[in-house]
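Protein chains: 2
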Amino acid sequence: MLRARISPSNSLHRRLAASLKHARSASTAPAVKLNSVGKDDVAHFSSILAPTSIVSSLSTAPATEDELDQYNSDWIGRFKGQSTTVLKPKTTEEVSQILKWCNEKRIGVCPQGGNTGLVGGSVPIKDEVVLSLSNMNKIRSFDPISGVLVADAGCILQTLTDYVAPHHHIMPIDLGAKGSCQIGGNVSTNAGGLRLLRYGSLHGTVLGVEVVLPDGTILDQLTTLRKDNTGYDIKQLFIGAEGTLGVVTAVSILTPPAPQASNNVILALPSFKNVLPLFQTVKRELSEILSAFEFIDRTAYDLAVKHGQGRALTEEEVEGAECFVLVETSGGRREHDEEKLNDLLENLLTADEPLINTGVLAQNPAQFSSLWALREGVTEAVSKEGKAYKYDISIPLSSFQEVVDSTREHLRSKGLLHDKAVKAVLGYGHVGDGNLHLNIVADAFLPEIQDALEPYIYEVVQNLRGSVSAEHGIGAMKTHALPYSKSQVSIDLMKKIKNVFDPNGIMNPGKVLE
Amino acid sequence: MLRARISPSNSLHRRLAASLKHARSASTAPAVKLNSVGKDDVAHFSSILAPTSIVSSLSTAPATEDELDQYNSDWIGRFKGQSTTVLKPKTTEEVSQILKWCNEKRIGVCPQGGNTGLVGGSVPIKDEVVLSLSNMNKIRSFDPISGVLVADAGCILQTLTDYVAPHHHIMPIDLGAKGSCQIGGNVSTNAGGLRLLRYGSLHGTVLGVEVVLPDGTILDQLTTLRKDNTGYDIKQLFIGAEGTLGVVTAVSILTPPAPQASNNVILALPSFKNVLPLFQTVKRELSEILSAFEFIDRTAYDLAVKHGQGRALTEEEVEGAECFVLVETSGGRREHDEEKLNDLLENLLTADEPLINTGVLAQNPAQFSSLWALREGVTEAVSKEGKAYKYDISIPLSSFQEVVDSTREHLRSKGLLHDKAVKAVLGYGHVGDGNLHLNIVADAFLPEIQDALEPYIYEVVQNLRGSVSAEHGIGAMKTHALPYSKSQVSIDLMKKIKNVFDPNGIMNPGKVLE
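Protein sequence lines, in the order shown, are assigned to chains A and B. Read left to right, the first sequence gives residues 1 to 514 (the UniProt record's numbering). Read left to right, the second sequence gives residues 1 to 514 (the UniProt record's numbering).
By construction, these hints were calculated from the structure, which means they are not laboratory data. Check before you lean on any hint, since a few could be wrong.
Straight line, CA to CA, 27 Å or less: simulated DSS-like cross-link-like pairs of lysine-lysine [claimed, not checked]:
no.	chain 1	residue 1	chain 2	residue 2
1	A	Lys498	B	Lys80
2	A	Lys100	B	Lys420
3	A	Lys496	B	Lys495
4	B	Lys495	A	Lys495
5	B	Lys496	A	Lys105
6	A	Lys495	B	Lys496
7	B	Lys105	A	Lys496
8	B	Lys33	A	Lys496
9	A	Lys33	B	Lys496
Put together the whole structure using the sequences plus the hints.
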């Protein structure tokens, strides 16, 4: 029954086929013809920018390919452009003049923040100008009373975190890449990260943006207001637009007060069926101090332990556990928070029909870190085990295990589940956000595995009304997969909106929309 | 110095004048010609809808003017349209067919929810068809695990609140009008209300919408996902569009777990200067359980007491108090919350340089309600005192008192502050949200008072980069004031977006954009 529900139905197959056909026919419309950067263009940029703000093989002090490479390649080495020219403006006015010129000359522009994205959104596809925001890194203002921070787009997330810390505030987002990702890039990709369950998405916490539109117009919506009902909330379009509508040059963002204390606990569950009632119980008992509820299936747990993570639970405690949950609290007073967490654990363990086999509460900061390391160590363990096909999807919480299991069965039915092909299918992720990381670990990347996985997984996601990209975005990597999560009506509207902002198609061409 | 900072500068005057001129010249472009509803149209609607879904003076069973009046008039009696025809569809498909027809025939459509708005957004200006969502009132689904509720647009907020209560969830918004306002209207006006400080705006809590576009196309973005980074977040445009881009027919919204306990305290402050450090202290000490921080100035307090609200503090305690603050907590465990609130009060009272004169903590539910009644009674007291000019503005927290005082001085300088003209100028509102309710109470509505207040107040708001409509919207009432809060670049983009969705201009004509 379950299998039937999540397998793509015939009618869906047809709907999707029609949708993809439509998408293809739309994309066969004559593409916008963009021009390459020439020496004249670089000479013009020299009249706008300081010499140190230009890295170009066409300038009078030509850059080497190596110098350009860090801007042309993404950090995982999957995407590589051939840009000849990188511009690093220092002011919004400079960005405006660059875009005005590129728009008139029909030169493509690829805005680039920390270049930490996962879908190739921040590197050029061909020879677009790379517009790096790295030199725009001033904090414009911080109001310790309201907690509103206004910062240039190129400010690094960690720098901002450090800046607000003495005022007892934190950034509403936190990412693994925080040491190099930039706030403008965070906003442009609508970064999710570890604090979303508690502080919500950037659509709620970003109060304003300053954007340079492709024709050079500066759109100043850099308000610091929490409430402003004066017309359409245009700034929202730039949150997650991946630089395809304009260049975000500054951001106004609401920073929450810092919690005074954090703690965590790992719970072993006899069955995935218990995850959902457990989530309800935990939400009810911990209420406003719950800050993470992370799921790790048994395969993921075993893999993390195999590849060196500390065993949080004894072998005996792990016996019979089908999956694990990591619960984190962040609150205003340590003794209250600990009392709540202790009571929760006691109630869970002494229940008539316990939802958990066992649980371990962190007793000190070292244990706190070690429990998180187990959860975060899954990624590393997967790389050590083999080659990984990774899917970052949003689906209903109730289908997490179902999707992992049915993917495994699907691969088995194709004869691909054995030592020389797929070694493991595992799931982990943010139950609280409905975000599952589905990993398929193989001995090697093989076309038959790829063909077995796609479009299979995208169809499963579509059938569950899920998202083929929960937090990473579309970039250059998933433009073909967009129809699995967005209807043709939505995609058509996106194209019309793109056309309103960027009629010449110079902004980050080839990203988001095909 | 302060006065100088918030008085409109000359350069601002010039900038605004230019902006208004531009706005006017744009509005002199030939307006879209819309047609009146005829008998043929009503006959066509009869082929789509059940007879009980049509209220029209042009139908075979003609409605009286009285029957139409409730749809033509807003509840405060300030706006009145002359619609002959009200349609009350029961399904999204019916809405689609109505809009398709109206779009082809160039008939204006005014979507109407509970008709509880404050800016005339939900009643027709001329004889547009009124499209009432009242018959679309089914709850489509509720997932008690994720807390995601999917409901027809016409569901009443209180009904939804009652529906999720047994699951220990609450709606993320709460309004005075909750007994009659509808969730589709809440979303279309981006309603703020009493819970914004705690749960954020609808831009964060609304996960998806179903919208019928003017040409009848159904845009299905009714996702229940917390995370979905697949292209532009188009649904955001409908949040706060006041029905000018399409008709919201269903909403998917995240409902938070219900708090287990609430409490409140009223604090008397010797000076407004103390409000801001107090806000910081309260945020730090109460952290995640702080759910309201409301400001009442002395004039507002005295007026509420004069007109019958219980005196929360003794005459002695009130002596020397320049303003008052109401703090509310909502948390997961009563004893913890009370301990935090008690400690806060003790720390405030025993500080070396106390920020407050005194404070009173509610000891039981009756006192809790009575403290809220004092805050909420200001509105009623103002109506009893005289005729009120009301401004719902967002400005930086630090300028709250300054704006109230400078408005009073401005009226005094015009010779209007005396018994036969302006009797009181007062301020109260949501410090936590930066939302000030500025009220000018007069003996009667007089043109010279109106002229002294506008554009003066709008200019002050503009100079502070504030919002001329924090939570009520623009509707029909404030289209002329939009340029004080939005730049011409923003307004031009809004017009282009309007044109993408509604090229024939049939949706709620005359609202938001002139």
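Problem set entry | Non-conforming hints, listed in increasing numerical order | Violated hints (numbers, rising): 1, 2; every other hint is consistent with the structure.
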